[in-house]
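Peer 1: Sequence:
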Amino acid sequence: MFKFLALIFLLGCQNQVEETKQGLSFIASYEIDSSTQFENAPLGGISGLTALSNDEYMAIIDDRSEYAPARMVKFKITFEDQKLLALPLKTITLTKDGKPYALNEIDSEAIVSFGDQFIIASEGSYRGNSRFKPFISSFNQVGEFVLDYKFNHSRYIPEDQGDMTKGFRSNLGFESLSLSPSGKTLFSVSEAALRQDADEDYHAQNIVRLMTMEIGAEGFHKEYAIKLDHVQEAGHTGENGISDILALSDTEVLILERSWTSKLKKQDVKIYKVILNDDARVESTDSLKAHTKVLTKKLIFDFAKLNLKIDNLEALTFGPLINCKKSLIVASDNNFSKHQVTQFLLFEILDL
Numbered sequence: 046m047f048k049f050l051a052l053i054f055l056l057g058c059q060n061q062v063e064e065t066k067q068g069l070s071f072i073a074s075y076e077i078d079s080s081t082q083f084e085n086a087p088l089g090g091i092s093g094l095t096a097l098s099n100d101e102y103m104a105i106i107d108d109r110s111e112y113a114p115a116r117m118v119k120f121k122i123t124f125e126d127q128k129l130l131a132l133p134l135k136t137i138t139l140t141k142d143g144k145p146y147a148l149n150e151i152d153s154e155a156i157v158s159f160g161d162q163f164i165i166a167s168e169g170s171y172r173g174n175s176r177f178k179p180f181i182s183s184f185n186q187v188g189e190f191v192l193d194y195k196f197n198h199s200r201y202i203p204e205d206q207g208d209m210t211k212g213f214r215s216n217l218g219f220e221s222l223s224l225s226p227s228g229k230t231l232f233s234v235s236e237a238a239l240r241q242d243a244d245e246d247y248h249a250q251n252i253v254r255l256m257t258m259e260i261g262a263e264g265f266h267k268e269y270a271i272k273l274d275h276v277q278e279a280g281h282t283g284e285n286g287i288s289d290i291l292a293l294s295d296t297e298v299l300i301l302e303r304s305w306t307s308k309l310k311k312q313d314v315k316i317y318k319v320i321l322n323d324d325a326r327v328e329s330t331d332s333l334k335a336h337t338k339v340l341t342k343k344l345i346f347d348f349a350k351l352n353l354k355i356d357n358l359e360a361l362t363f364g365p366l367i368n369c370k371k372s373l374i375v376a377s378d379n380n381f382s383k384h385q386v387t388q389f390l391l392f393e394i395l396d397l
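Just so you know, the sequence shown maps onto residues 46 to 397 in my numbering.
Incorrect hints may appear among the rest.
[Said to hold, decoys possible] Straight-line distance between alpha carbons at most 25 Å, and here's what the computed DSS-like set of lysine-lysine pairs gives:
1) K383 - K310
2) K272 - K343
3) K334 - K310
4) K311 - K334
5) K338 - K311
6) K350 - K267
7) K128 - K354
8) K195 - K144
9) K308 - K350
10) K350 - K315
11) K315 - K371
12) K211 - K267
13) K354 - K267
14) K119 - K383
15) K272 - K342
16) K343 - K318
17) K338 - K315
18) K371 - K229
19) K229 - K342
[Claimed, not checked] Using C-beta positions, here's what the derived DEER-type ranges look like:
20) A262 - W305: 29 to 37 Å
21) E150 - N368: 14 to 22 Å
22) H198 - K350: 40 to 48 Å
23) D205 - T282: 25 to 33 Å
24) K229 - L397: 39 to 47 Å
25) D295 - H384: 19 to 27 Å
26) K229 - A335: 32 to 40 Å
27) L366 - I260: 21 to 29 Å
28) D295 - E189: 24 to 32 Å
29) D244 - K119: 25 to 33 Å
30) N85 - P365: 26 to 34 Å
31) D161 - K128: 30 to 38 Å
Just so you know, these hints were derived from the structure itself, not from any lab. Note that the structure is predicted; figures quoted are calculated from it, not measured. Backbone N, C-alpha and C define an ideal beta-carbon position, used for all residues, glycine too.
Start from the sequences and build out the full structure, keeping to the hints where you can.
Peer 2: What follows is the structure, encoded as structure tokens:
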């Protein structure tokens with residue numbers, strides 16, 4: 046009997062696969078008000094999300110220990126009876142040398158689950174005279190620092206003093222991480238062009254470096270160029286950046302690209318797919334130019350299609366199976382603002 050039921054289930058999935066369409070199909074949304082508190086901290090600031098098991102997910106909170114100690118929050122995210130629900134389960138404080146991170150020692154933006162550890166990216170800070178370096182590090186299940194991952198400091202980290210001529214721009218550093226399903230390849234990318242790769246007004250030539258590292262190797266050893274959209278509307282230019290990525294394989298990645306045009310108070314958000322191509326390798330190139338060969342982007346979804354006000358979307362991860370297909374969860378960072386919300390959007394993956 047059980048074999049018969051399993052066969053029916055599999056046949057149902059096969060029939061639906063034959064009828065698939067391209068891209069994503071929006072299923073449901075869920076919001077958490079910014080006034081919500083959880084375990085003595087504001088519930089918000091979700092900048093990264095990684096799937097665990099049993100409908101559980103770990104979120105990294107973009108809090109520089111300003112509102113509460115730097116932390117992760119475990120969620121239970123379910124889709125039942127056509128309703129999406131995201132409930133916090135547990136807060137885990139990040140620590141190093143037995144102590145929580147002090148104010149402005151960390152600016153955590155991205156997270157992936159790797160074995161019994163979490164790999165977390167901090168983009169650092171370069172605002173005025175305040176400078177602390179970005180890092181990619183692993184933490185154990187109770188939030189204790191384990192080790193640092195190596196990357197090209199001379200390329201990605203600005204000068205300690207004086208003028209900054211290289212490395213990340215302020216608040217535009219390590220915004221994303223993803224681990225391929227095989228567990229072999231770790232991906233990261235800067236949110237916007239490095240200082241040496243574009244002029245101060247970088248929006249027209251916003252070429253970023255997608256970095257890959259084979260787990261167990263010494264640092265990121267491959268870089269691929271990606272050109273971000275140059276968003277212009279009614280004579281105004283949008284500030285565009287990559288807020289998260291999600292690896293589909295060792296060579297395929299989804300990119301969450303967003304733009305904010307402040308004069309129009311308008312947000313443009315799209316999901317693209319890129320396939321790695323050695324023609325776009327740039328790890329041996331110190332400064333990228335306008336003619337740099339870049340990866341081809343395939344548009345997967347334009348959020349302008351949604352009849353829904355979207356917030357500051359920053360996190361991508363795989364969700365539960367829906368209609369025998371994988372799903373995608375996109376979550377927002379409310380910036381701990383009373384004018385924003387924490388938003389979870391659920392999509393059925395049709396075909397990528």
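Peer 1: If a hint holds in the structure, say so; if it does not, say that too.
Peer 2: Evaluation of the provided hints:
1. Under the criterion of a C-alpha separation no larger than 25 Å, the hint pairing K383 with K310 is consistent with the structure, at around 17 Å.
2. Distance check on the hinted pair: K272 and K343 sit about 12 Å apart at the alpha-carbon level, within 25 Å; holds.
3. Between K334 and K310 the CA atoms are separated by roughly 30 Å; this puts the pair beyond 25 Å, and the hint is violated.
4. For the proposed pair K311 and K334, the alpha carbon gap of about 29 Å is over 25 Å, so the pair is violated.
5. For the proposed pair K338 and K311, the alpha carbon gap of about 30 Å is over 25 Å, so the pair is violated.
6. This hinted pair does not check out: K350 and K267 have alpha carbons roughly 35 Å apart, beyond 25 Å.
7. Distance hint between K128 and K354 is fulfilled; the C-alpha atoms sit about 18 Å from each other, no more than 25 Å.
8. Taken as a hint, the K195 and K144 pair is honoured in the structure, with Cα atoms around 23 Å apart against an allowance of 25 Å.
9. For the hint pairing K308 with K350, the CA-to-CA distance comes to about 22 Å; that is within 25 Å, so the pair holds.
10. Restraint check for K350 and K315: satisfied, since their Cα atoms lie roughly 10 Å apart, inside the 25 Å limit.
11. Our distance criterion of 25 Å between C-alpha atoms is met by K315 and K371, whose separation comes to about 19 Å.
12. The suggested pairing of K211 with K267 holds, with an alpha-carbon distance near 19 Å, which does not exceed 25 Å.
13. Note on K354 and K267: the hinted pairing is violated, with a Cα-Cα distance of about 37 Å set against a maximum of 25 Å.
14. Between the alpha carbons of K119 and K383 the distance comes to roughly 22 Å, so the proposed pair stays at or under 25 Å and holds.
15. About 9 Å separates the Cα atoms of K272 and K342, which keeps this hinted pair within 25 Å; it holds.
16. Annotation: proposed proximity of K343 to K318 holds, straight-line Cα distance about 5 Å (limit 25 Å).
17. Using a Cα cut-off of 25 Å, the hinted pair K338 and K315 holds, with the two alpha carbons roughly 22 Å apart.
18. Of the pairs offered as hints, the one joining K371 and K229 holds, with about 21 Å between alpha carbons and a cut-off of 25 Å not exceeded.
19. For the given pair, K229 sits about 23 Å from K342 by alpha-carbon distance, which is consistent with the 25 Å threshold.
20. Look at A262 against W305: about 36 Å separates their beta carbons, and that is inside 29 to 37 Å.
21. Between E150 and N368 the beta carbon distance is about 45 Å. The supplied range of 14 to 22 Å is therefore violated.
22. For the pair H198 and K350, the supplied restraint of 40 to 48 Å holds, since their beta-carbon distance comes to about 41 Å.
23. About 31 Å separates the C-beta atoms of D205 and T282, a value consistent with the hinted range of 25 to 33 Å.
24. Range check, K229 to L397: about 20 Å between beta-carbon atoms, so the 39 to 47 Å window is missed.
25. Hint check: D295 to H384, Cβ distance near 41 Å, so the stated range 19 to 27 Å is violated.
26. One distance hint, 32 to 40 Å for the beta-carbon pair K229 and A335, holds here, with the actual separation near 33 Å.
27. A hinted range of 21 to 29 Å for the beta carbons of L366 and I260 is consistent with their spacing of about 26 Å.
28. Look at D295 against E189: about 30 Å separates their beta carbons, and that is inside 24 to 32 Å.
29. The given range of 25 to 33 Å is broken by D244 and K119, whose C-beta atoms sit roughly 42 Å from each other.
30. For N85 and P365, the hinted distance range of 26 to 34 Å is satisfied, since their beta carbons lie about 30 Å from each other.
31. About 32 Å separates the C-beta atoms of D161 and K128, a value consistent with the hinted range of 30 to 38 Å.
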